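A.B. asks: Now for the letters of each chain:
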Amino acid sequence: MNLDFTEEQEMLRTSARDFLTTECPKTLVRELEESEKGYSPELWKKMAELGWMGLVIPDKYDGMGMQFMDLAVLLEEMGRNILPGPFFSTVVLGALPILSAGSEEQKKEILPKIAGGKAILTMALTEPSATYEASGVHTKAVARGNSFILNGTKLFVENAHIADYIICVTRTKDGASPEEGITLFLVDAKSPGIKCAVIPTIALDKQCEVVFENVSVPKKNMLGELDKGWPLVARTLEQATMAKCAEMIGGAQAALDMTVAYAKERVQYGRPIGAFQAIQFYLSDMWMKVTMSKNITYEAVWMVSEGLPCTEKVAIAKGWVNDAYKFVTERGVQVHGAIGTTRDHDMGLYYRRAWAADQTFGNTDFQREVVARQMGL
Amino acid sequence: MDFRFAEEEERFREEVRAFLKKEVTEEFLMGLEDRGELDFSREFTKKLAEKGWLAMAWPKEYGGGGATMMEQLIFNEEIGYFQAPTGAHRQGINLIGPTIIAHGTEEQKRRHLRGITAGEVVWCQGFSEPNAGSDLASLQCRAVEEGDDYLITGQKVWTTNAHRADWCHLLARTDPEAPKHRGISYFLVDMKSPGITVRPLINMVAAHDFNEVFLDNVRVPKENMVGDKNQGWYVSQVTLAGERSQIGLPSSCKRTLEGLVEYVKETKRNGEPLAHNPIVRRKLAEMAVEIEVNRMIAYRVAWMQHKGLIPMVAAPASKLFGSELLQRLTGIGMEIMGLYGQLELGSKWAPLRGAMARMHMYSLGIAIAMGTNEIMRNILAIRGLGLPRA
Chain U
1 MNLDFTEEQE MLRTSARDFL TTECPKTLVR ELEESEKGYS PELWKKMAEL GWMGLVIPDK
61 YDGMGMQFMD LAVLLEEMGR NILPGPFFST VVLGALPILS AGSEEQKKEI LPKIAGGKAI
121 LTMALTEPSA TYEASGVHTK AVARGNSFIL NGTKLFVENA HIADYIICVT RTKDGASPEE
181 GITLFLVDAK SPGIKCAVIP TIALDKQCEV VFENVSVPKK NMLGELDKGW PLVARTLEQA
241 TMAKCAEMIG GAQAALDMTV AYAKERVQYG RPIGAFQAIQ FYLSDMWMKV TMSKNITYEA
301 VWMVSEGLPC TEKVAIAKGW VNDAYKFVTE RGVQVHGAIG TTRDHDMGLY YRRAWAADQT
361 FGNTDFQREV VARQMGL
Chain C
378 MDFRFAEEEE RFREEVRAFL KKEVTEEFLM GLEDRGELDF SREFTKKLAE KGWLAMAWPK
438 EYGGGGATMM EQLIFNEEIG YFQAPTGAHR QGINLIGPTI IAHGTEEQKR RHLRGITAGE
498 VVWCQGFSEP NAGSDLASLQ CRAVEEGDDY LITGQKVWTT NAHRADWCHL LARTDPEAPK
558 HRGISYFLVD MKSPGITVRP LINMVAAHDF NEVFLDNVRV PKENMVGDKN QGWYVSQVTL
618 AGERSQIGLP SSCKRTLEGL VEYVKETKRN GEPLAHNPIV RRKLAEMAVE IEVNRMIAYR
678 VAWMQHKGLI PMVAAPASKL FGSELLQRLT GIGMEIMGLY GQLELGSKWA PLRGAMARMH
738 MYSLGIAIAM GTNEIMRNIL AIRGLGLPRA
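Line by line, the protein sequences give chains U and C. Counting from 1, position 354 in the first sequence corresponds to residue 354 in the numbering used here; the numbering is continuous, with no gaps. Counting from 1, position 104 in the second sequence corresponds to residue 481 in the numbering used here; the numbering is continuous, with no gaps.
Worth flagging that the hints you see were computed from the coordinates, not collected in a lab. Treat the hints with care, as some may be off.
Not close to chain C: a few residues of chain U, all C-beta gaps over 10 Å, as computed [said to hold, decoys possible]:
1. E8
2. E105
3. N146
4. S177
5. R271
6. T291
7. N295
8. R343
9. H345
Computed beta-carbon distance windows for the label pairs [what the hints assert, rightly or not]:
10. U:D257 - C:R390: 35 to 45 Å
11. C:D512 - U:G270: 21 to 31 Å
12. U:M11 - C:Q719: 35 to 45 Å
13. C:G748 - U:A261: 21 to 31 Å
14. U:A278 - C:G413: 34 to 44 Å
15. U:A278 - C:R632: 33 to 43 Å
16. C:T445 - U:D257: 30 to 40 Å
17. U:M11 - C:P598: 55 to 65 Å
18. U:G270 - C:R576: 42 to 52 Å
19. U:R266 - C:E391: 52 to 62 Å
20. C:R705 - U:A48: 45 to 55 Å
21. U:E180 - C:G748: 31 to 41 Å
22. C:E391 - U:P231: 25 to 35 Å
23. C:G748 - U:P41: 36 to 46 Å
Just so we're clear, the structure is a prediction, and the values are computed from it rather than from any experiment. We treat Cβ as the ideally placed atom computed from N, Cα and C, and that holds for glycine.
Okay, chain U solo, but in the shape it has when bound (with noise of 0.2 Å):
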């Protein structure tokens, strides 16, 4: 057993943290999220000559070959920091199902302009029936000679306004089972046929509604088998869910860390508030919850990173982790006073990302039923 972090996985946080803080300040977030696209082309460059889009693709697809632990590593910064624009989608939701189900052409083609910043990608999973369950996939894909057409309507889909490339996952047979008959296809996002328009969120994340009209895709663009692609969608889930709780872990500990320090300096009755013991109950309660959603993100993250089982763990660390960030940033609030509650303020940031985090890749509700399931209930 061994539950510290290497050394390389010390020095990428370190250095994430010191460039996040002077690339992305918090003025360039609120930027960000009134702008129309959403993300800075420029630190999108400086980001790729860091190599972090290439961190977890492999060296010969130009990256730098790291496992999945790094990358969460890298998310925990992100989080903490708040970085908008479309790093977890092109990365979590494009590179990592193409690294687990690309063909030898499909990787050669896309990985590489990943990994150089010059492509970006996202996954339309969702729909207006807005479940993670394979129950509630209808967009179809019929085949029509060397293609396949696609029809439906996806939702909550992030940064299709601004993908190169949209993972489609597809209904192309109705099976026995809701997870039979689902088909992933690799869409070039300026195909003709897909509208696309940002719907206006909490955090101001860029998702989208996508339709899918008549849309052409060659057959060579399939990700993964035909009628088989469910346990690429979940994987994938699983990958991305610990890939948000990381990122939630950094942003409830910034959380933490600023209504600490908030507390040790705001005087009120002669003395800072941090000495009352209202307040310090708080913060010991929310400092207990960031620390065990780290340890247990951590754990889950290792499995998905040596690839072991983890289904229970994974609806463990979210469901727990996503209460957390809550918990966290609503306390937040409370000891900073009024104005915590101002549009103005940090802690507006992280408290509307935690809602949104909540319900991206199933909330506490659907964690749990997934965990009563696992122990046979």
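Given chain U, work out where chain C should sit, using these hints.
C.D. replies: Relative to the frame of chain U, chain C by itself:
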């Protein structure tokens, strides 16, 4: 990071598990209940000593096994899971033994350590007093020099197992003029000494674990003082040296949860298994989450100790969370059982032997013992987050 245990550690876990499966049977636990000694068995403690597991992490020169903290963690996790009785050795192994090793004289080591490692001598702890609970340093029990002895007079309270113990390690004031932390000394007292009266304090489930201990001019030889005169407060801080993960709380909860899962699968309400009820599912899943999260912070505590670090903040956090979890879990168990949840041991109608209600009422004390959970939160705030003292 690597969350896997080494192969020999896994083998050790299997060996402990096999032993506990054989020893800590349903009949054995019911036998303890019948004697009113839920967490106390001298025989079981001796068996652990014979296996060499009692003082497994003590240094070899003092009769220990020289095991690592991770091995101790594994052992404690299994002991917790089987809900095995540890009352007859907990004080000796975790508190008094390490204190004597750190601060005792050669004579004290020779005289006391073997009895602890052999599981033959039971210790109790004379710290709390009627007016010194969380604020322990305000204790008033007095020790006055007379020739080669001290005469100790005062009252101790919440003394677990005082009625069963052979020896007591206690704190008494030797300098009433000094600032409160600097006038306390640490004594080893034979419980058979004249002048000691033990009176039972019966807890909510009518069990006798706690006691009041009255000391009336109890004569204690000077050689039974551990460390220097008036240094007792600092000597007592070594009691933090044992394995501190509190892994036994989540692992015991895990066993209890498994029992509940079986119960809801087998039990029907309105023709439907309870396991199909969404509220029941949600509650039990929530407990599975909390148990797992607790296990990981306990592992972190042991890992820090394994590396020679002091888990100043993580250890109190684990205790705080684990004790509150035990309350929640057993409370949820009672809620799920409905009317049956109120049944006591001994009723033929009681699900899971009636252990749920009993454990629930016991669990209240764990949030108070070993430093109340409010003190734990103070420690997190002040030591962990650097907040000013209230």
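A.B. asks: Each hint should be assessed against the structure and marked as holding or not.
C.D. replies: To see whether the hints hold, each was checked on the structure:
1. E8: With a cut-off of 10 Å, E8 of chain U remains clear of chain C, as the shortest Cβ separation is near 12 Å.
2. E105: Given a closest Cβ separation of 35 Å, the condition holds.
3. N146: Given that every Cβ of chain C is farther than 10 Å from that of N146 of chain U, nearest at about 47 Å, it holds.
4. S177: About 20 Å separates S177 of chain U from the closest Cβ of chain C, which puts it past 10 Å; holds.
5. R271: Incorrect as stated: the minimum Cβ-Cβ distance to chain C is 7 Å, not above 10 Å.
6. T291: Given that some Cβ of chain C is not farther than 10 Å from that of T291 of chain U, nearest at about 6 Å, it is violated.
7. N295: 4 Å, violated
8. R343: 28 Å, holds
9. H345: Nearest chain C Cβ is 21 Å from H345 of chain U, so the label holds.
10. U:D257 - C:R390: 35 to 45 Å: Holds, at about 38 Å.
11. C:D512 - U:G270: 21 to 31 Å: 24 Å, holds
12. U:M11 - C:Q719: 35 to 45 Å: 58 Å, violated
13. C:G748 - U:A261: 21 to 31 Å: 27 Å, holds
14. U:A278 - C:G413: 34 to 44 Å: 41 Å, holds
15. U:A278 - C:R632: 33 to 43 Å: 36 Å, holds
16. C:T445 - U:D257: 30 to 40 Å: Given about 34 Å between the Cβ atoms, the range holds.
17. U:M11 - C:P598: 55 to 65 Å: 59 Å, holds
18. U:G270 - C:R576: 42 to 52 Å: 47 Å, holds
19. U:R266 - C:E391: 52 to 62 Å: 54 Å, holds
20. C:R705 - U:A48: 45 to 55 Å: 48 Å, holds
21. U:E180 - C:G748: 31 to 41 Å: Violated, at about 56 Å.
22. C:E391 - U:P231: 25 to 35 Å: 33 Å, holds
23. C:G748 - U:P41: 36 to 46 Å: Given range 36 to 46 Å: violated, Cβ gap about 55 Å.
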